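Dock chain B against the given chain A, drawing on the hints supplied.
Protein chains in written order, with UniProt numbering: chain A, 1 to 279; chain B, 1 to 279.
Worth flagging that the hints you see were computed from the coordinates, not collected in a lab.
Computed from a predicted structure; not experimentally measured.
Cβ atoms here follow ideal geometry from the backbone N, Cα and C, with glycine treated the same way.
Treat the hints with care, since some could be wrong.
[What the hints assert, rightly or not] Computed spacing ranges between beta-carbons, pair by pair:
(1) Lys27(A) / Arg234(B): 44 to 50 Å
(2) Gln78(A) / Ser235(B): 27 to 33 Å
(3) Trp25(A) / Ser256(B): 21 to 27 Å
(4) Lys269(A) / Asp124(B): 32 to 38 Å
(5) Pro176(A) / Ala105(B): 42 to 48 Å
(6) Arg234(A) / Ser235(B): 32 to 38 Å
(7) Asp124(B) / Thr267(A): 23 to 29 Å
(8) Val276(B) / Thr30(A): 50 to 56 Å
(9) Lys219(A) / Leu162(B): 54 to 60 Å
[What the hints assert, rightly or not] Under the rule of at most 27 Å between Cα atoms (straight-line distance), these lysine-lysine pairs were calculated in the BS3-like manner:
(10) Lys52(A) / Lys233(B)
(11) Lys219(A) / Lys219(B)
(12) Lys269(A) / Lys233(A)
(13) Lys121(A) / Lys269(B)
(14) Lys219(B) / Lys269(B)
(15) Lys52(B) / Lys129(A)
(16) Lys52(A) / Lys27(A)
(17) Lys269(A) / Lys52(A)
(18) Lys233(B) / Lys269(B)
(19) Lys52(A) / Lys121(B)
(20) Lys121(A) / Lys219(B)
(21) Lys269(B) / Lys52(B)
(22) Lys233(A) / Lys121(B)
(23) Lys121(B) / Lys269(A)
(24) Lys269(A) / Lys219(A)
(25) Lys129(B) / Lys121(A)
(26) Lys52(B) / Lys27(B)
Protein chains: 2
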Amino acid sequence: MAISIAHLGPPGTYTEAAAIACLDWLKQETGQDAILCPYPSIGQTLEAVASKEAQMAVVPMENSIEGSVTMTLDNLWQLDTLRIQRALVMPIFHALLSRAEDWEAIRVVYSHPQALAQCQKWLDNFLPKAQPIALNSTTEALQYLDGDPTIAAISSQQAAQLHHLPILACPINDYPDNCTRFLLLSLTPSPGGAYTSLAFSVGANQPGALVTPLQIFAKRSINLSRIESRPTKRSLGEYLFFIDLEADARGASMQSALVELADHTETLKIFGSYDVLSI
Amino acid sequence: MAISIAHLGPPGTYTEAAAIACLDWLKQETGQDAILCPYPSIGQTLEAVASKEAQMAVVPMENSIEGSVTMTLDNLWQLDTLRIQRALVMPIFHALLSRAEDWEAIRVVYSHPQALAQCQKWLDNFLPKAQPIALNSTTEALQYLDGDPTIAAISSQQAAQLHHLPILACPINDYPDNCTRFLLLSLTPSPGGAYTSLAFSVGANQPGALVTPLQIFAKRSINLSRIESRPTKRSLGEYLFFIDLEADARGASMQSALVELADHTETLKIFGSYDVLSI
Chain A
1 MAISIAHLGP PGTYTEAAAI ACLDWLKQET GQDAILCPYP SIGQTLEAVA
51 SKEAQMAVVP MENSIEGSVT MTLDNLWQLD TLRIQRALVM PIFHALLSRA
101 EDWEAIRVVY SHPQALAQCQ KWLDNFLPKA QPIALNSTTE ALQYLDGDPT
151 IAAISSQQAA QLHHLPILAC PINDYPDNCT RFLLLSLTPS PGGAYTSLAF
201 SVGANQPGAL VTPLQIFAKR SINLSRIESR PTKRSLGEYL FFIDLEADAR
251 GASMQSALVE LADHTETLKI FGSYDVLSI
Chain B
1 MAISIAHLGP PGTYTEAAAI ACLDWLKQET GQDAILCPYP SIGQTLEAVA
51 SKEAQMAVVP MENSIEGSVT MTLDNLWQLD TLRIQRALVM PIFHALLSRA
101 EDWEAIRVVY SHPQALAQCQ KWLDNFLPKA QPIALNSTTE ALQYLDGDPT
151 IAAISSQQAA QLHHLPILAC PINDYPDNCT RFLLLSLTPS PGGAYTSLAF
201 SVGANQPGAL VTPLQIFAKR SINLSRIESR PTKRSLGEYL FFIDLEADAR
251 GASMQSALVE LADHTETLKI FGSYDVLSI
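Okay, chain A solo, but in the shape it has when bound (with noise of 0.2 Å):
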């Protein structure tokens, strides 16, 4: 039977060619195949996940231009269950999508919030006139387009395609080096591998809550590749911290530093450990 991998839908997402290539991934390496469910929101993508409903899910965890997508962080904390299986990263071109004859007549500019932040440069130069207006996907907009020619979409080539768009110009995103690294996602354990992801809270907030944690890495020369702050949601001020470590979990070296790090937070979990795929 076939996997089912939901992810931020509609069809033509960055996401969506991210739950391309794993689908590509598993088949290769396990044979088995696998269908993509879209999901409104990356928040219901994940809860699919956590209740059964799809058995795994790609979502988005940082941009190379705008950081953390923190929808994914807060509901990897809250969820609890859900297991890392793979990262992927993948290189971001934004297009500009649209039916005007002339850009002069472009008013508004539709796309997710992150991507118009990429390309908001871009956006001041070319259309200092039109308004960016954020919507949950780069896809959204899209099915607009063709009946309206003073509003443009950011979104991928592949969007562009799908919905026989024309291209006004690509790549637009204001700094070249644009990747996005996505995650997937199951109930089952992590498989292992060169990356390792966790959280915690520190319970008292004085000098020193933060180093300490960071040292048990430090001190076995463990590399920290990452590190997110996110609030409780309890009261300002107090944070839970997301890293990713460059070590797999089950190393001798891990277990002794996790072990140690239980007993300097206050609440931990371990997201698991995984290798990077480069799409």
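Then chain B, alone, in the frame of chain A:
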């Protein structure tokens, strides 16, 4: 002559309320009058001060539920010359504004992305069929509400009064303890105070690259009240770190810490020492 305070507009935004509090505080402390100058984005608000078009700026820095306002962090790092004069913590009570007579009729809810995110569960529960659409501010859509009873906006009670719009529900934020911290910035040196904000990049991505800078403060018992990472925008996996410390940069212990920190960071930017005002 009156001082000009740039802030995110149009009138009725939470940032305007924070700017009004700053204006009152300035009058009380210094006897100086100030006028408010609304700008369409956080970037343009901060640039107005950097280019001396306005003398001060009020921008949101961090919300207790949704976390950092990344636009503010990225602009502070880039503009480089702005110094923090004061922080303000303001409770946030979101209201649903609409001319709809029946909630079932509401098809679209407009607001700033942070406000939409802070009311996400409420929207899922009470307006599951309405589409959330993000705009540049909480007040941008209010002008359209009179003409269209199928749309609603999430904004403040003050904005409802200002625009003579009915409040359908308030508060609608998912977490009752919802506060935002704002910064008052200008080009003059910081006045000093209980908190210091700074940011740095670290040269090498190696074990302990972040621990060393944090240890500099921990070993002097200087509490780190916040750490936030932002991408350098050079390549995926390279970060800047924004740090808030509970100490005045002019103190002897902080002075020696900052000298040591400069030796262990690639670029170090100190945004100033200041006190926090609760509204």
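Status of the hints after comparison with the structure:
A beta carbon spacing of about 35 Å between Lys27(A) and Arg234(B) contradicts the range 44 to 50 Å that was offered as a hint. The hint said 27 to 33 Å for the Cβ distance between Gln78(A) and Ser235(B), and at roughly 30 Å that hint holds. For the pair Trp25(A) and Ser256(B), the beta carbons lie near 52 Å from each other, so the given range of 21 to 27 Å is not met. Between Lys269(A) and Asp124(B) the beta carbon distance is about 24 Å. The supplied range of 32 to 38 Å is therefore violated.
Look at Pro176(A) against Ala105(B): about 46 Å separates their beta carbons, and that is inside 42 to 48 Å. Take Arg234(A) and Ser235(B): their Cβ atoms lie about 35 Å apart, and the range 32 to 38 Å holds. Range check, Asp124(B) to Thr267(A): Cβ separation about 25 Å, and the 23 to 29 Å hint holds. At roughly 55 Å, the beta-carbon separation of Val276(B) and Thr30(A) lies within the given 50 to 56 Å, and the hint holds.
The given range of 54 to 60 Å is respected by Lys219(A) and Leu162(B), whose C-beta atoms sit roughly 57 Å from each other. Between the alpha carbons of Lys52(A) and Lys233(B) the distance comes to roughly 37 Å, so the proposed pair goes past 27 Å and is violated. For the suggested pair Lys219(A) and Lys219(B), the alpha carbons sit about 16 Å apart, so the restraint of at most 27 Å is met. This hinted pair checks out: Lys269(A) and Lys233(A) have alpha carbons roughly 17 Å apart, not beyond 27 Å.
A distance of roughly 24 Å separates the Cα atoms of Lys121(A) and Lys269(B); the hinted pair therefore holds under the 27 Å criterion. Among the hinted pairs, Lys219(B) with Lys269(B) is consistent with the structure: their alpha-carbon atoms are about 21 Å apart, no more than 27 Å. Only pairs whose Cα atoms come within 27 Å are accepted, and Lys52(B) paired with Lys129(A) is accepted, the gap being roughly 24 Å. A C-alpha spacing of about 21 Å is found between Lys52(A) and Lys27(A), which places the hinted pair at or below 27 Å, so the restraint holds.
Restraint check for Lys269(A) and Lys52(A): satisfied, since their Cα atoms lie roughly 20 Å apart, inside the 27 Å limit. Between Lys233(B) and Lys269(B) the CA atoms are separated by roughly 17 Å; this keeps the pair inside 27 Å, and the hint holds. The hinted pair formed by Lys52(A) and Lys121(B) meets the criterion: a straight-line CA distance of about 21 Å does not exceed 27 Å. Straight-line distance between C-alpha atoms of Lys121(A) and Lys219(B) comes to about 42 Å, which puts the hinted pair past the 27 Å bound.
Proximity of Lys269(B) to Lys52(B) is assessed by CA-CA distance (about 20 Å); at most 27 Å being required, the pair is judged to hold. With a C-alpha separation of about 14 Å, the suggested pair Lys233(A) and Lys121(B) falls inside the 27 Å cut-off, and the hint holds. The straight-line distance between the Cα atoms of Lys121(B) and Lys269(A) is roughly 24 Å, inside the 27 Å bound, and the hint therefore holds. Between Lys269(A) and Lys219(A) the CA atoms are separated by roughly 21 Å; this keeps the pair inside 27 Å, and the hint holds.
Only pairs whose Cα atoms come within 27 Å are accepted, and Lys129(B) paired with Lys121(A) is rejected, the gap being roughly 34 Å. For a cut-off of 27 Å, the pair hint linking Lys52(B) to Lys27(B) stands: about 21 Å separates their Cα positions.
Hints 1, 3, 4, 10, 20 and 25 from the earlier list are contradicted by this structure; the remaining hints agree with it.
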